[in-house]
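Student: The residues making up each chain are set out below.
Number of protein chains: 2
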Amino acid sequence: MQRTSFSDFACSVAKTLDVVGEWWTPLILRDVFLGVTKFDLIQQDLGIPRKVLAERLSVLVDNGVLSRHAYRDGRTRHEYHLTEKGNDFITALIAMMNWGDRWLSEPNGPPLQVLHSGCGGKVEAQLVCRSCGERVAHNDLRTVSGPGARDTKGTAVVSGKASHSMIDVD
Amino acid sequence: MQRTSFSDFACSVAKTLDVVGEWWTPLILRDVFLGVTKFDLIQQDLGIPRKVLAERLSVLVDNGVLSRHAYRDGRTRHEYHLTEKGNDFITALIAMMNWGDRWLSEPNGPPLQVLHSGCGGKVEAQLVCRSCGERVAHNDLRTVSGPGARDTKGTAVVSGKASHSMIDVD
DNA sequence: CGAGTCGAGTTCCTTTAAGAGACCTATCTC
DNA sequence: GAGATAGGTCTCTTAAAGGAACTCGACTCG
Chain G
0 MQRTSFSDFA CSVAKTLDVV GEWWTPLILR DVFLGVTKFD LIQQDLGIPR
50 KVLAERLSVL VDNGVLSRHA YRDGRTRHEY HLTEKGNDFI TALIAMMNWG
100 DRWLSEPNGP PLQVLHSGCG GKVEAQLVCR SCGERVAHND LRTVSGPGAR
150 DTKGTAVVSG KASHSMIDVD
Chain Z
0 MQRTSFSDFA CSVAKTLDVV GEWWTPLILR DVFLGVTKFD LIQQDLGIPR
50 KVLAERLSVL VDNGVLSRHA YRDGRTRHEY HLTEKGNDFI TALIAMMNWG
100 DRWLSEPNGP PLQVLHSGCG GKVEAQLVCR SCGERVAHND LRTVSGPGAR
150 DTKGTAVVSG KASHSMIDVD
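Line order of the protein sequences matches chains G and Z. Residues in the first sequence are numbered from 0 upward in steps of one, following numbering that gives the first Met the number 0. Residues in the second sequence are numbered from 0 upward in steps of one, following numbering that gives the first Met the number 0.
A hint or two may mislead.
Where chains are identical, the list cannot tell them apart; a pair therefore holds if satisfied intra-copy or between any two copies.
Stated by the list, open to error - Heads up, simulated DMTMM-like pairs for lysine to aspartate or glutamate below, C-alpha to C-alpha not over 25 Å straight-line:
1) LYS121 with GLU78
2) LYS121 with ASP39
3) LYS84 with ASP139
4) LYS50 with ASP17
Quick caveat, the hints were computed from the structure, so don't treat them as lab data. Quick caveat, the model's predicted, so the values are computed rather than measured.
Please model the complete structure; the sequences and the hints are all you need to start from.
Tutor: So, in structure tokens, the structure goes:
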């Protein structure tokens, strides 16, 4: 199937997908986040083919998203944990979960809830403005090309083809 | 390759991936969000095989993420736009973009910036507590099984296998 | 002490989606 | 009436996904 690599797109979404965008990968990260850290447990939980799981775990370790720890050393027994890089991906994972909860929900409501351990309230991914601190709605967004813009694939907007509110800024 | 459908997982991440998790799909949504709304422009921008693009667009329209509008009618000329459901996915898309910006960045910085059209500040996806309104770090999260929890695939945690801070709550 | 089990993969085979590119059709444009 | 253009469809090849069996070195049960 020789899947196209997104790594040379001048687009951070593409680069992200190149690392964690493959089939099964976000679900593996979800399991590790929730504390399912061993090969066989992940395999049983997801029903993923063992070959695919082995390969995905290697890719994630190679990319620094997961770390592989031997336990009961001597033998090859491993646990997988999120690195700092992996933990930072949780925001995206929860954003996807929220969307599924809202638009594709189970009849009885969300299967899993994420809570703030401080106050016990429900946690949600939101768009927030770093200047004024306000929550931002999708129709209050404006996109501009950043300093790293290049003229390659995934840059239609940057090269001015967009009908959208694009302004060049560098 | 007969890809496993995630639709019957009791997990909103899996359900989300079932709709928008395929190779290319998030990039198509990114382009539509940025104002690249026509078949040929998306195809040229991404370099995606035409057959794959046609199929992905159909899936997205069928699932209510995109809407297909005829323009200059008489001929079949279409534009694709985000529906409310599609717009709501932007949060997840920006979360992925942020992660790519932070961990896989271009030498010169982010290729694209998302700004608050009100104040012009940079917009970012964050985890926020709906009770206390505070920003939540990944190590301040606690997960509990929600009302829609079922005992199928993708529920290792819910059925108590997790080493994590899981508490049953229904 | 030998048989069975378990974790963590690896190997092999079949099916099928992705990728590349040619082809099609209806309308404008010159 | 000869391109050009938009929006696809068709065909072919290759490689990834899915399924299942096999490996290999500890343990552990009787």
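Student: Tell me, which hint numbers fail for this structure?
Tutor: Hints 1 and 2 contradicted; others consistent.
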